[in-house]
Amino acid sequence: VSGEFISADQAARDRIRDSLDETLFVEAGAGTGKTTSLVDRMMGLVSTGRATLDRIAVITFTESAAAELRDRVREALEKAVDDAGLGDGARERCRQGIGDIDQASIQTLHSFAADLLQARPLEAGLPPGFQVMDRIAADLAFEDEWKRWLDTTLDDAASGQSFARSQWPSTASTTDWTASPSRLQRTRRPRRWTRWSAPHRSSTGCVSTLAWERTTLWSGTSTAS
Amino acid sequence: MGPLAGARVRLRRLVDELKSGDPLDPVTVVVPSTYAALSLRQETGRSGMANVRFVVLARLSELLGAPTLSADMRRPMTHLIEASGVRTVAAAAEGPLASTRDHPQTRRSLRNTFRQLRHASPAALDRLSDGPSVPAETVRLYRRFREVTGPYYDREELAQSAAVSVRALGAEDGQTTGLDEMGPVIVYLVHDFSPGERELVEALANRSSCALLLGLTGDAEADRPLHATAERFLSTFGPPEMWADDSRPTSSHLVVAPNGQQEVRWAIRHMLKASQDGVPFHRMAVLYRKTEPYGVLIREEMELAGLPVAGPDTTPLSQRAAGRTLLGLLKLSTGELSRDAVMAWLTSCPIRSPDRTRGAQVSPTEWDLISRKALIVRGREQWLDRLDSHAARVSKRADASTELGDMSESSATRLHREARASQALKGFISKLADDIRPTHSGSSWAEFSQWARGLMEGYFDHRAGLPPVEADSEQRVTEMLLELEGADELEPRPSLAVFVQAIEESLESAGGHLGQTGRGVFVGPLGSAVGLEFDLVHVAGMVEGAVPPKSRDDPLVPDRDRRRAGGQAQGLPLQQAHRAEERYDYLAALATSRSRVLSYPVSDPIGGRTHYPSRWFLEEASSLEGAPVYTSTLDGMSHRPWLSRIASVEAFLETNETGGIGQTGAGEVLADIHDYDLGSIWQWRGAGCRVSQHPLVLETHLAGGFELDAGRLSQRLTRWDGDVSAVATDAHRIDPTDRTSDSPSRLERWARCPFSYLLGYELKLGALERPEDITTISPADKGLLIHRILELFISEVLEQGEFPSASQPWNDEHRTKLHRIAGAAFGEAESTGTTGKAVLWELERREILSDLDSFLEADNRQRERFGTATTFVEARFGMPGSSAAQSWPGASIELPDGTSLRFHGLIDRVDVTSSGRDALVIDYKTGSAAPYSGIAKDQIDRGRRLQLPVYSLAARGALGEEVGVHAAYWFVSEREGFKLAPPEPVALDDVLEQFEGAVTTIVSGIREGLFPANPGQPRQGSFENCRYCDFDSLCPAYRDVAWRRKKADPRLARYRKLADPVDEGQS
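Read top to bottom, the protein sequences are chains A and B.
When we follow the working numbering, the leftmost residue of the first sequence carries the number 467, and every step to the right adds one.
When we follow the working numbering, the leftmost residue of the second sequence carries the number -16, and every step to the right adds one.
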């Protein structure tokens, strides 16, 4: 067999690489070259000056995928710098891109979200320079907050009643909540913060990854029937 | 000769030239850091140079500028004053910053931004003010900050003042004492000048001899700011001397380690090898970019290996002993004196009692136990009341037991000691509660400071044998508190919360030094090494995202606004400048030595993350390879001489490539004794020998470990899983028949799980619940409470002659009486803390009252059914030391070997018919009836239900042999329907033989010292004997497998027959 191999979907691959003003949805199976096409498109954006690397967001599912992509982009940029076939302008832009690779948003969705919030914290109701807790610190903070809430709620009959209503709205409004003595004991500790709300403030200045919202916290976590 | 050797030679020549032939003429050298100053001072000392002063720029500014500012009554702006100023203006933040203005992180961000705005021109600030709301508000606050901190001068103002002084004095008469003492000035390798500092250097250059030596890295990005600096100084100095590290390193090596710890241990082995080759420790350095985890990790591993360390102390004061002590005290002062907080403080800090009299020592572990037993959760009054009650309870128990003779002397002594310790703790808490209440809240910083210093004086234990760095921390805390006294001018009348915030923020800073420079291996951040010179430098943590760190835009004044306002040219630093700075620090760190090692850990086990190599790590790899190297291709380069890859500890031991670099298998240097031991055992195994026979194993506790492992896997009960027969000798008998008397529940426990018996009754262990975790009354405490109420009620009715006949129901008066008694008992229980949280207790209380009401109805039916005429309640039997009026005689049985076993106990209730010929022994039960389901078929339930036969024996002994005794458990709750178990009470004579057989088996097993762990049948995710066992977490997860293995031991045949009759039948 002789001659250059041309894949059946070459046109689609070319479109991904060259049609830089078009928004595309690419669907393909594992191992078909999605990452290669993505790198090609990024190279097209950078080398033509359409965008600099620090103005491109590439979102991946895992940290390892992000690291691999960064590595491949770096490799492509370094090869482009030495590619005599490219014009001087394109090669210079690729050289700039190598310096920008650490600033590029090639990251997981969570990292991207955290970066967005770091850039615009006040709009999200967060203090500037907030830090995202690691998993262990977040779990410890959660335990502390859970105990504090439990202490406060269960030490006071009025808050206990309010709690019961939030748990069993259909019955608590019409019957004495204390008529279900074992319900409260059967309530389980929620598994994690469930949504963003007001920032959880701690003396160390950290903001919990997910914040405290009592009513939502309970939804779907109660074992009461 | 290091890469900076050329610059150093030039410096030496310059010094010689500037001394004008007189070696004693003064010369001042301005250096980039105090460590560079120390290093050069030692070097010049060795070379015989005299009267050369090495200072950092800030110190030079202070020497020349501070006198003028002090004369104007200006004071230095310390970090505390700066923080106070920031706090003052942040409190008045408006618009977009209003909602987060009280957050400590907002204050930190404002402080950082204010520092960056310090060099901005007025025009740039004006432009920012006219822009978007966030930068505009930030600039407004900054200007306000400058106003309120007006009486204080910062580093920039100091430099400007120094420049003015130099110019003024030079113009007047050319004479100034300070300057004359300094002599000519050489600015050596300083790379970062503020506008004021540039002004000062120019003033010095215009007045007298001054030379400037700049150090280049050879990298365009990193050197850009330096070229800009040279440009600015052009008119003053002409083209400055620039020294570049353009030489190739003599040795460069890369290391890929499995984690940070192995990475650091590799560096230690490498340094030890270098030391053997003649490199002194002070000529080596380990540098890092990220303080977390390397600041602590490197220091700890080096201490473990016995290597001396020198360099900056990166541990915040808040983590030092004195800082922790002060923070703990302040936390207590703002909290509710919770037991958790008090114990955390006591057990993590060197605390002494402010009461210096004898016997007032702090005993954290003992106090923790006592506070748990006393069920203390929080609050001064609760501490004092419950400690008092606990002490009284313990003393009473000790006294009563001594009187009755049912407790050994040592046990009674122990209880008396516990009572004394409770009182000591009460005294400590009482004093602490008074001391932590600031008497001058809202008055002044000075008074708060005095109060805090008094607390430290009273509670921080100076004599605790602290290492020097910890002892120094106390001095630093005291200095900080003294410094705070000056904050009244900025923030008058602070609240306690503000004072605590100020302390917290101040203690977050690090400072101080570790070890002695010139003796130990230099350990510090990359930036701290600029201007130093080593023979070997190791840069650890070369991880993507950390070296260089991803630069973050300032959300308060972002780059786009800074650019709009003029950017760098107008004194507003941009992110690009930070990146250049990072690059410069990294290359300057590499330039400290011609022999370099870069390393990175593949994973972070604690964070559960995978790391990837830094771009700069790959850059070095590419340079060594002579071709581009990427993360993906690095994996295939394990055999390159410039790369060491440590796959695991085992792989290291196998190849032992520490010696190192490029000489696989040639190394013999080990980091410490643990490396030696592991390597030795590894080689032994490699030679085909059994690890368990290695001399290191046989000589240490490891041998026990191997024996334990083999023993537990065997089909015999061993000393590792409950066989104590070897120690159950005549001298240490554990024979129930030796005791004065026994309780049936002890024997039941052995029948259920002998191992649990061993731990609970022979070793006297038990789990002590944290009072904070008591949310609701425990089933045991609830049972005690109901028993107590029923006992008091029926006793009172009997005393008053009101006990109804069999056909007569309880009336309303009885019901009222029962409620009154219950109410009093509830009150007592609440005061002890056993009832848990108020809301849940209310539910339980209502449930108990409802059960008590139903009890009266059920009791009517019960008495009518049985024909009860009278009853005995809480009938004691066999109580040691009791008189016949106080206690019935004990029950006893003869064992086949002729010995007898005596029992004591307390029967809830014995109902007697009007004829007196029949008695019904009742044992109240308040929990679930499910565990008792077995007695319907087997009245003693495999030896696990012995109470009824024992109580029946006691009742017969008291009432007469002619009385027919029956017995049953009575479940006195609505949930269990007030049913009897078994439904037909058991006649004593029907179970006696079976009972004696079970007791004989149990006593034999205990005598023989056999205590296997028997989990019983699987039940609801656990096992029937483990669900409520205190020692559940001590047994292995595969406990059922272990029991199946152990029960093959022939010595357990009798127990097996008792505990697993079905299993036995099948086998």
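The reader is advised that the hints may include incorrect statements.
[Stated by the list, open to error] Simulated pairs of lysine-lysine, DSS-like, Cα-Cα distance not exceeding 25 Å: (1) B:K533 x A:K545; (2) B:K765 x A:K613; (3) B:K314 x A:K613; (4) A:K613 x B:K356.
Hint data in this document are derived by calculation from the structure and do not stem from the laboratory.
Hint check results:
1. B:K533 x A:K545: holds, 24 Å
2. B:K765 x A:K613: Given pair B:K765, A:K613 holds - Cα atoms ~23 Å apart, limit 25 Å.
3. B:K314 x A:K613: Holds: B:K314 and A:K613 sit about 17 Å apart, inside 25 Å.
4. A:K613 x B:K356: holds, 21 Å
Hint violations for this structure: none, all hints satisfied.
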